[in-house]
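For the record, the sequence lines run as chains A and B.
Heads up: the first sequence at position 366 corresponds to 366 in the working numbering, and the numbers run straight through without jumps.
Position in the second sequence counted from 1, then plus 762, gives you the working numbering.
Honestly, the hints are just simulated from the structure, not real lab data.
None of these values were measured; they are calculated from a predicted model.
One thing to keep in mind: the hints can contain errors.
Once the Cα atoms are required to be at most 27 Å apart in a straight line, the calculated BS3-like pairs of lysine-lysine come out as [to be verified]:
id : chain 1 : residue 1 : chain 2 : residue 2
1  : A       : K242      : B       : K1492
2  : B       : K1004     : A       : K68
3  : B       : K1004     : A       : K71
4  : A       : K242      : B       : K830
5  : A       : K762      : A       : K644
6  : B       : K1218     : B       : K1271
7  : B       : K837      : A       : K242
8  : B       : K1524     : B       : K1492
Just some of the chain B residues that point at chain A, by a computed CB distance under 8 Å [said to hold, decoys possible]:
id : residue
9  : F960
10 : T981
11 : F1015
12 : L1018
13 : A1025
14 : N1129
15 : A1132
16 : F1135
17 : W1192
18 : T1228
19 : G1231
20 : Y1232
21 : D1233
22 : Y1237
23 : D1240
24 : D1340
Chain A regions said to be covered by chain B (calculated; three or more residues, Cβ under 8 Å) [unchecked claim]:
id : segment
25 : 362 to 370
26 : 494 to 507
Note that beta-carbon positions come from the ideal geometry of N, C-alpha and C, so glycine has one too.
There are 2 protein chains.
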Amino acid sequence: MITRLQLIILALLPTLVQAQTTENYTQYVQPLTGTQRMGHTYPGATVPFGAVQLSPETDTLPYEVNGKYNKDVYKYCAGYQYEDKTIVGFTHTHFSGTGHSDLGDILIMPEAGKLQLNPGTADHPENGYRSAFLHTTEKAEPGYYKVQLTDDNITAELTATTRVGFHRYTFPAGNEAHIILDMMYGIYNYPDKNVWTFLRVVNDTLVTGYRQTNGWARTRTVYFAMTFSKPFTSYGYENNSKKEVYRGFWRKFDQLHNFPEMAGQQIRAYFNFSTSANEQVKIKVALSPVSQENALQNLRTETPGWDFDAVKKQAQDQWNAELGKMQVITTSLAEKQNFYTALYHTFINPTVYMDVNNSYRGLDQDNHTAAGFTNYTTFSLWDTYRALHPLFNIIQPHRNRDMIRSMLAHYDQSVQHMLPVWSHYANDNWCMIGYHSVSVIADAVIKDNADFDANKALDACITTATHRGYDGLGYYMDMGYVPEDKNGASVSKTLEYAYDDWCIAQMAKKLGRMDVYTTFSKRAENYRNVYDAVTGYMRPRLNDGSFRKPFDVLNTDEPGYIEGNAWNYSLYVPHAPDTMIAMMGGKQRFAAHLDSLFTIQLPDSFFAHTEDITRDGIIGNYVHGNEPSHHVAYLYNYTGKPWKTQERVRMILKKMYHPGPDGLGGNDDCGQMSAWYIFSSLGFYPVAPGSDQYELGSPSVKTATLQLENGKTFTIEAKNQSDKNVYVQKAVLNGKTLDRLYITHSEIMSGGTLVFYMSGKK
Amino acid sequence: MITRLQLIILALLPTLVQAQTTENYTQYVQPLTGTQRMGHTYPGATVPFGAVQLSPETDTLPYEVNGKYNKDVYKYCAGYQYEDKTIVGFTHTHFSGTGHSDLGDILIMPEAGKLQLNPGTADHPENGYRSAFLHTTEKAEPGYYKVQLTDDNITAELTATTRVGFHRYTFPAGNEAHIILDMMYGIYNYPDKNVWTFLRVVNDTLVTGYRQTNGWARTRTVYFAMTFSKPFTSYGYENNSKKEVYRGFWRKFDQLHNFPEMAGQQIRAYFNFSTSANEQVKIKVALSPVSQENALQNLRTETPGWDFDAVKKQAQDQWNAELGKMQVITTSLAEKQNFYTALYHTFINPTVYMDVNNSYRGLDQDNHTAAGFTNYTTFSLWDTYRALHPLFNIIQPHRNRDMIRSMLAHYDQSVQHMLPVWSHYANDNWCMIGYHSVSVIADAVIKDNADFDANKALDACITTATHRGYDGLGYYMDMGYVPEDKNGASVSKTLEYAYDDWCIAQMAKKLGRMDVYTTFSKRAENYRNVYDAVTGYMRPRLNDGSFRKPFDVLNTDEPGYIEGNAWNYSLYVPHAPDTMIAMMGGKQRFAAHLDSLFTIQLPDSFFAHTEDITRDGIIGNYVHGNEPSHHVAYLYNYTGKPWKTQERVRMILKKMYHPGPDGLGGNDDCGQMSAWYIFSSLGFYPVAPGSDQYELGSPSVKTATLQLENGKTFTIEAKNQSDKNVYVQKAVLNGKTLDRLYITHSEIMSGGTLVFYMSGKK
């Protein structure tokens, strides 16, 4: 039970933290980091966990070519690729770092001179409303983005509040100005992805409407309200679909000019303005999951005025307050940039999915009210259970509790009776494997960060984990493993189910439900069932009990695995590393396996089919760009060779992260890659969320001060820190030398100081 | 201002009236009347003004053949044609008597034996879930419909509450039973009319979902909740569209069997039951304009149990209470059947469009709450302003006020700032011409039946009447007529705008807004601008002021007119008949014109292009099946020859209405045709709604007692009534012989007795 006073304190926390912040941390954040190649981040404006992500689109590729999926579109998951030379517009929703996509809603683009209602092409942006741009004119800061649109010499600036995207366009001389509102555009624009769009011109400064799509989210609707700082003089639209089949008596109107009701599948609208040189037209676009009226209420509540600079300052103050929760001193500017850019990326997803009046659309496609919590969406759980949610348990505990309450609401609305797998915008897209909501929930319960009904949450975990129709789970329950001939990626699934089951067991134990503990502890042993003692690898088994042949341990396309090969996935028993090591031949042999992982040289052909990582995301056969290996470097701790953990971690930190557009070695995956950076740079990592322990690694910061929500401070200090001094001679917690290779959650949350003594010697 | 006590009394009124009713009036109603040819009524179950109209579908025709509109589908506006031999299922929404269509939502069909998920064909119903049936097994009563489905020997029975359709299916021996839920089916099923459908199997007796369409209503969504009296044993579905483009990780489920989340454009689902001989499976389907949750609330509130017979009785009691508001004695059973069938048809549309919790979807596609009124939809105003709404001002005044409040809410939500033209389900389809909401509002204001803000309503009328972009209205405002070369049907529009303007003037006068009165009184004279003194007809004029050539006064396709030719439309100045008659050459010449209308013999070729009337709907050149002539027979009163009104009215009553499926001479048009019958059979008619006068005609009833909501009773008695005694020798109101050819609204509402003395002599 949380008291009203506590709630007030929590509400004030950003302010309190901000008051303590003297440094401007936003200066170190480079939102462009990860926008080149496979980072899949976006450079635009958003506030922490904001519902609006207002960012430029450079995409030019059709989703299909001759009826076939065009795999090149994969790079446009966040709508923007650094090497592109043109921008087609600015849209209001983006995932950060995902490996598949959706969104890109409500495209706005300014135009001067002759109206062009087609988007144009990358080769000839001048033939449409698309424009060329130069990176030299581009400015990307937390909560602010600016670029010069070369074609028509328009300056575009973007900022945001939680639910409102705020645009400021400065027009050149010449009195013909236009704002394009393209409802057709979308990221991953499948043919017929648009189900319906609807626009109402309420008056000469207000437009409302919605976009309904069938994409990664099967049934998704985004409502919006859009206001202009200056009345438009006229407007119109084009419907580029045959879908609007019945026109009939609508012909009594001139529907193409100043017609305020636009509805159809493929609509592009324009609004004309008369402007003078350097005149600014400002636009605010609020989103809502529920209704146009709610969008308007969001707009009026969050942005009552037209002061762009004040909203920008507010957004940056918010970022500074969040970033200031971790105050670090580093050995170089680049590291500081790495750190705060990573922290920035961890504070983007999940996103608020609720109006200012607490209403949101549920998984059942009905509207609901979030009673006593903020509803979030965008749960990329296969990625984020590993380090992002554990990070939140430390630095965003209040939000993490609300995220779990959002998951439980999702469960209540699920006719599958399942917690979210990969959910966004009132949908589950079921992406990837496992049921890792249970890890997030167990981690919070174990770490005493649960203000929800933990027993009810445990019931939801159990129901989820016993859905026989889900992804081979029936076989797993009956046979102790998923047979590859019945259900693919069977090794990955068996291993991850076993880990998730261990999480359920831990939570049950803490809640005193020993029958559940016993059942799921037994299931947590199922990793043994896919271990092939002959080859020494986790290996796919068939329905008849035999191991599948042939077997290639390096092949990343090998049946039995997903986003990883046998070499990597064989290390995935995070909840029982000691047993795993014993099973796999003991510490010596296991350490050799680990070594080989980092040192083996693979030919390029191995990466031909992996679309979500680049060569950069790989060290030997260690794939940091995919998540299943994220705990691997820390496993050396269990082999009696912690110095190997320390050197590997420092190597990965250095090799996989650097400032600049190409600074990420793979998809950021809604902050998981960045959360790995934060933990590892601080010197510890949650190998098995659901445990209260963090394995010690090697910090890369000189000092870090964590301002905790409970008012306490946890400080990390790395004495004698340098690029070469990657080895930890000793770790001292509150003056006491640690005789173990981990610290616990409560040790962090109690406040105190952890001092690492660094050295260049093992 | 209405007091709380008055509200309670109003709420109790149906009960009070019912208490006075001893006769069972439902026995005279033949819901099958009008189901043959062009009546466009439906035979299924509904309650008065019910939101659910649960009725069989016999339609077999595609909307398009080779990409072209198949004009034969026109006869299926209500889904059912009497000559058909098969039923494809039962759907929950139907218009009554419209000349265009939509709806036909949520088709349910029982099946025994082998599951067939395709609808089959009329020729071979046995190849699908469609079934043959015989009219001998059919029973259609108010609130109840029954039929034997021959193919599988299943008895189907239907009843309803306001928001719930209640099905009862009796299965034969053999334990395989199925219920088909076809979300693809719809009336006027344009290709791609379905925008999206969504189904959730909540548990083994509850399914919820919605159907979203783009039809006559451009953007329309119907939510539903469906419960079964017995758990289904298994279920599945087919998606017959390529629209569901992203499947991806959904493949981890077996989506075809017992998969509870179905979404796509074209879905047909089935539910399997194990039944024994004569076992009944009952289904309740509640609709909502807002959400699945609201549908479920409607279901639980209106039909908490499973007693089909009790719900049927309740529906029939409701009908009896409504029908009993007019208690008539007639000279024949057929006339009584005509009368109550007509009264039944007047009490179907408009329909309630609001959940039990008062929420509804507005024209803006957002949800709203009706504060203090019942929200209605389905306003076929070009038809119903003439007699249906005036009839409501007498016998359903409370509902009529709520209908007007519904129109005003529509206005508030309209970005066109217009009152409804032809609105249904949160849409305006803009069908037909004029802005006849103003007539309905003015009529209520003039007749003191306005509990809304009349001045605000007048403002809405003025704004509507000055929308320059609407259907030639800008020209009309500037030039005093619509020029045919600028906007078609120009004569019809000019005449109807002029009448509507007169309505606005009358209302303004009553409200003391004399500037408005002056302006609109002037506009009301605009009928003069399309009168061609040379030919003596209302005739299309061009932008240059000249009359259009050539000019064919009989051609029903003649430019300048809609649903009427020059001969008929030239008589349309209902607000100024005396002036019109003078303008057209005086009483003598005008009476001759009227005579010719009824006596001229037209060749069949004249009707080749009129799809909404049959030869039966016509007397000479008088077209009763279309509305513009509905007041015409009463115009003889103004020529000094009231006996001609009397004989024409009696002739029309006799010729155009009779019991049985082919009993209507044209579309019933949401009750307008039937309202004409009710008024005329009572002996009076509202020639110009907006006036408080009713022209006297010739009653066909022997006596009629009107139980008014104010507690008073108005009785009509026709002494010496017979088929031949069609002439009124004198009319005596409350003992005083009338020296005029009209009675006033307040005379009716004050209660009393109107005695007609009938004779066979003129």
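Structure-based check of each hint:
no., hint, result
1, A:K242 / B:K1492, "63 Å, violated"
2, B:K1004 / A:K68, "14 Å, holds"
3, B:K1004 / A:K71, "20 Å, holds"
4, A:K242 / B:K830, "14 Å, holds"
5, A:K762 / A:K644, "8 Å, holds"
6, B:K1218 / B:K1271, "15 Å, holds"
7, B:K837 / A:K242, "26 Å, holds"
8, B:K1524 / B:K1492, "11 Å, holds"
9, F960, "6 Å, holds"
10, T981, "5 Å, holds"
11, F1015, "6 Å, holds"
12, L1018, "12 Å, violated"
13, A1025, "5 Å, holds"
14, N1129, "7 Å, holds"
15, A1132, "15 Å, violated"
16, F1135, "20 Å, violated"
17, W1192, "4 Å, holds"
18, T1228, "15 Å, violated"
19, G1231, "6 Å, holds"
20, Y1232, "7 Å, holds"
21, D1233, "4 Å, holds"
22, Y1237, "12 Å, violated"
23, D1240, "16 Å, violated"
24, D1340, "32 Å, violated"
25, 362 to 370, "holds (count 4)"
26, 494 to 507, "violated (count 0)"
Hint check: violations occur at hints 1, 12, 15, 16, 18, 22, 23, 24, 26; the rest are consistent with the structure.
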